[in-house]
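Residue numbers (our numbering), protein chains in the order written: chain A, 565 to 876; chain B, 565 to 876; chain C, 565 to 876; chain D, 565 to 876.
Mixed in with the good hints there might be a few duds.
Put simply, identical chains are the same to the list, so a pair is met inside one copy or across any two.
Claimed, not checked - Derived SDA-like pairs: lysine to any residue, alpha-carbon spacing no greater than 20 Å straight-line:
1. 752 x 587
2. 572 x 590
3. 617 x 720
4. 572 x 752
5. 572 x 608
6. 752 x 873
7. 837 x 581
8. 832 x 571
9. 610 x 691
10. 702 x 874
11. 752 x 624
12. 689 x 650
13. 837 x 680
14. 702 x 619
15. 689 x 708
16. 610 x 839
Don't read these hints as lab results, they were simulated from the structure. Bear in mind the structure is a predicted one, so any value in this text is a computation, not a measurement.
Number of protein chains: 4
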Amino acid sequence: MKHHLTEKIQTVFGYSYTIGPYNKPVMEIQPGDTVIVETLDCFEGKVTSVDVKPSTVATIPFLNPQNGPILVKGAEPGDALAVHVESIVPRGPQPCGTTCLQRYFGALTPTARTLSEPFPEMVKKVEVTGDGIVWNKKLTIPYQPFIGTIGTAPLIYSVDTLTPGNHGGNMDLPDVAPGATVYLPIRKEGAYLYLGDCHAAQGDGELCGVAIEYPTTTTVKIDLVKGWTLDWPLLENDEFIMATGSVRPLEDAVRLAYDNLIGWMVDKYGFDKWDAYFLVTQVGRVRVGNVVDPNFTAGASISKKYLVPGGA
Amino acid sequence: MKHHLTEKIQTVFGYSYTIGPYNKPVMEIQPGDTVIVETLDCFEGKVTSVDVKPSTVATIPFLNPQNGPILVKGAEPGDALAVHVESIVPRGPQPCGTTCLQRYFGALTPTARTLSEPFPEMVKKVEVTGDGIVWNKKLTIPYQPFIGTIGTAPLIYSVDTLTPGNHGGNMDLPDVAPGATVYLPIRKEGAYLYLGDCHAAQGDGELCGVAIEYPTTTTVKIDLVKGWTLDWPLLENDEFIMATGSVRPLEDAVRLAYDNLIGWMVDKYGFDKWDAYFLVTQVGRVRVGNVVDPNFTAGASISKKYLVPGGA
Amino acid sequence: MKHHLTEKIQTVFGYSYTIGPYNKPVMEIQPGDTVIVETLDCFEGKVTSVDVKPSTVATIPFLNPQNGPILVKGAEPGDALAVHVESIVPRGPQPCGTTCLQRYFGALTPTARTLSEPFPEMVKKVEVTGDGIVWNKKLTIPYQPFIGTIGTAPLIYSVDTLTPGNHGGNMDLPDVAPGATVYLPIRKEGAYLYLGDCHAAQGDGELCGVAIEYPTTTTVKIDLVKGWTLDWPLLENDEFIMATGSVRPLEDAVRLAYDNLIGWMVDKYGFDKWDAYFLVTQVGRVRVGNVVDPNFTAGASISKKYLVPGGA
Amino acid sequence: MKHHLTEKIQTVFGYSYTIGPYNKPVMEIQPGDTVIVETLDCFEGKVTSVDVKPSTVATIPFLNPQNGPILVKGAEPGDALAVHVESIVPRGPQPCGTTCLQRYFGALTPTARTLSEPFPEMVKKVEVTGDGIVWNKKLTIPYQPFIGTIGTAPLIYSVDTLTPGNHGGNMDLPDVAPGATVYLPIRKEGAYLYLGDCHAAQGDGELCGVAIEYPTTTTVKIDLVKGWTLDWPLLENDEFIMATGSVRPLEDAVRLAYDNLIGWMVDKYGFDKWDAYFLVTQVGRVRVGNVVDPNFTAGASISKKYLVPGGA
């Protein structure tokens, strides 16, 4: 069955600035259903031109609005939610893409932990279509959309939408793209799925802290895997399986992601632990999601063609 | 002109366990010359079978032997050394590839910073040819060779060959592969180039700390770029330009690599600083070299097709 | 006025495992009131002997129970809450103190980020009185009690009680002791104060992750400072003023704490920013709270006798 | 026997900017001898007034000049060097103390890893005597001198004098003060002791990167402990024993220091490993040396009155 989670419906409930169990579900669905979601950009569309200072329209904690929570019937703690990303399409008037410098935010920016003055606020607006992102008169960069923030509710915590963790959240992982299936832990009955913050393109690490933010129509198919208890979000596409880790410092995120990947290889693909450790040492790949949020996210992956266990 | 830096010649001088200005050059060359280097593996070939415990044959500080130093005539502080990697070919009796677990070493291993006992030492030997690496009866992984350690001498420091830094060194960056040109800072007259520690394959991060280590015949062409003062090693191949950073924690290595990349884009490609910052935020790529050595290495790159400055 | 927040009263509401705005207040008080609080230990008293395995009685997310929330009338976002710690007295049958090794927890322990087996679970019970903590037959260590977890509710987030942050929380800072006044940011109307997790003694960093945990009767006097907007918790006693920072890695917690300290010196004591930076470089003190929780906490302090501004 | 390592003698050999095995010893002594050393400040005394920009007189790698190496007869790899600090007395014309802001250096400063402009260079000169440091007309801070940099030569490496490590070096640990004995690993025959970089006062972390730097006459008594193999420097005074760790990030320095401390308690004081782990969790103290150098230094200590092993 298909559901439409329109901006209008979500606005009745309010976009959510937390991922938690305390919001009233906007919609109830069955496993196997498809949901077409109208997402806002992380500024709620308020940075309408290069003359708008982000600091005047976006204030903590009202950042990075999410659609949801979507209640999935039959979902229970100890199950996994499988969210298949079918498509992500730009929405709204052009130029619909925004990147900018925010005060004390970003990887190469003076932070509130220094005595420096912040950078000037600066906004760049770009036209985004399925054919590409018009960067300047001479350069168009590819349209490579993905969901920046996606997660399920913790049992009793209500996490801000800026922080990725073992519930998913603001991972900013470019592999959460059309064609991929994200597996999320279910900790609360009904799963309570949230998503938003789509990016039309993003480099590894989301360096300045702001990718190509834009409003979208995002279509996801949602399934349930009964009895698969996950500690952290996992991801799969035609080419590889990937595990995530979100923590500081970044080397611990890498370690955590690889550890989760090895666990997956052992549990589902029949690898010996040491064989898996040796093999990912030779062929593992690391994708750095973000190095700007309260936790940093890494994805560790292995090509499906190497999932051939052979003993230690 | 072609030079042969054979195992025999290097052995007369001794393989080097430091990268510094205090060793006598093994060879003097002219800019533009080619050197064919016979490298040892990081264990000096002493882990000859699965029954050899690495801890019995490899002891600090006598790890990771390097060829060199090669003195480049005319090289002066403030110039850059351009090392073009032409080919890397396996050498010696099969199985010539080695990976293993070393005590208290590796990213998912108890470290000397915990109260844990170390993992058991464990060795895996693999056959390495240009056609691939025989992992087990069912799996052969691609031969993707690169130079794990390459660097020039600091002016007065003599750095261990395990630690990467602004002199290069043990970066374990898989992009230092045939077809790539590495640009190294020159800090001492004559440059004093060292290289070794080739890997037949390696995943991002070199997780267990030991890639497919093997002896090689490595051919490099060495040029001089007068008057190009580098702070950190850079790299270029047909597809992209990449800057490196080697430091802890890993997020600082990523920041440093991107900062060096932006500096390169500004200095050589005419970018405005903010334009470059915005652009790499959308299309930059991060390669994690190692997360196991005394410093961690990241490479930040941008595809050459995006090197189109357009203003902020 | 004096209020008694007994175990009986708190149990009616339930001890809280989050610090957030969604719990019903257990009590309403006026600024200036005193509250006598019966705290539980972080295991809810369930580790009653050395034969109880912590993992069998304490499970995420039901760890580190808090008293509260206490609603403070007149408290509004932008004000600060001043909590003066008057006394902390042991409660319950002896031996009432507990320390232990928990699976995959602690600073020198294999973590879930390695492939190691966890340490054996191990419990040590100790008698705690105002005269000291009986460590063994030959050694009694001083009774130096403090409040391990104390914080006010974020506006919309509901934070687990293990994670310290800019709301306070699980800072494990030994300076939150009798005689000290803690200043907490108020982000929600009524402040919603939570506290618990008292320690009878703790070394810097709370190395194994478990201090001398014990149940107490803790007396605090609660005042309101109207119009003092805090970003992070601050602290004051007869000798020094201290600012806190809770983040990873630890050097960023130190930077943040010092940055908050310098801000305080500038705002309230008339220092020039550079003068303060120079002065704390010479006489600042750092207290490491914990290096085991999801965020690490540092306190940066300066003796009151040095609060003498003199220009840059 | 007493030796005088005057500025004149050291100048003949040159002050050293590395700690390594390649310098010719300035002096040979017997174990038990005393050496009276005339140290320079870290700028070689060149920042003579507030009008001198540090960047014009101090350039990498010629920073932080050291006295030495002092060759200790009979010292062999596997022994420990015991350096007892007897006194540290100011030297030279007043104001002999210097602190300053250096470009891109210090904990709250924009770094070369950001796109920020550096802070203005700023110098503060202060009069230093045994009675105190005249900070301004209203404030004199206590004279609390210590040796900022002290170490022995690695076997084959030559380490810059800015980086602390397992050889000692630039630890900036205020406990290396008169009354303390520092135990250093010996890795090269003759030990090759270097020291310098004394500070008249320094807060924890040496926040802006520059303590009260000044020239001194420092008296040390040097002994040899045969057959005591150290991995890292240790320290002892009348009150406590302290172990050090120097690495990034800071939490790893803390872990390493505590791990070294526990090792010492087990090896020399008869503790069970778990008993020591539990005990330092309750009574251990952490001193943060520096958070500004290429490695960060932590000291972990336990009061001698608690060195009472009692079983796990």
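| request: Give the relationship of residue 837 and residue 680 under a CA distance limit of 20 Å: within one copy only, between copies only, both, or neither. | output: The answer is between: 11 Å across copies meets 20 Å, while 47 Å in one copy does not.
| query | Quick one: residue 572 to residue 590, C-alpha cut-off 20 Å, is that within a copy, between copies, both, or neither? | reply | So residue 572 and residue 590 pass the 20 Å test inside one copy only (11 Å; across, 38 Å).
| query | When no copy is specified for residue 832 and residue 571, does a C-alpha distance of 20 Å or less occur within a copy, between copies, both, or neither? | reply | neither (39 Å within a copy, 46 Å between copies)
| message | With identical chains, the pair residue 689 and residue 650 could be close in the same copy or across copies; at 20 Å between alpha carbons, which is it: within, between, both, or neither? | response | neither (26 Å within a copy, 43 Å between copies)
| request: Evaluate residue 610 and residue 839 at a C-alpha cut-off of 20 Å and name the case that applies: within, between, both or neither. | output: So residue 610 and residue 839 fail the 20 Å test inside a copy (51 Å) and across (22 Å) alike.
| task | Can you give me the call for residue 837 and residue 581, within, between, both or neither, at a CA distance of at most 20 Å? | result | Neither way: residue 837 and residue 581 sit 39 Å apart in one copy and 33 Å across, limit 20 Å.
| Quick one: residue 702 to residue 619, C-alpha cut-off 20 Å, is that within a copy, between copies, both, or neither? | neither (31 Å within a copy, 41 Å between copies)
| From the Cα coordinates, with 20 Å as the cut-off, is the pair residue 610 and residue 691 best called within, between, both, or neither? | within (16 Å within a copy, 56 Å between copies)
| query | Is the C-alpha distance from residue 752 to residue 624 at most 20 Å within one copy, between copies, in both cases, or in neither? | reply | Only across copies: residue 752 and residue 624 sit 13 Å apart there, 26 Å inside one copy, limit 20 Å.
| query | Between residue 689 and residue 708, at a C-alpha cutoff of 20 Å, which is it: within one copy, between copies, both, or neither? | reply | Result: close within a single copy only, 17 Å intra versus 41 Å inter.
| query | For the identical chains here, do residue 702 and residue 874 meet the 20 Å Cα criterion within one copy, between copies, both, or neither? | reply | Between copies only: 7 Å across, 51 Å inside.
| task | With 20 Å as the alpha-carbon cut-off, assign the pair residue 752 and residue 587 to within, between, both or neither. | result | For residue 752 and residue 587, both the intra-copy (12 Å) and inter-copy (18 Å) Cα distances are at most 20 Å.
In this structure, the earlier hints numbered 3, 4, 6, 7, 8, 12, 14 and 16 are contradicted, and the remaining ones agree with it.
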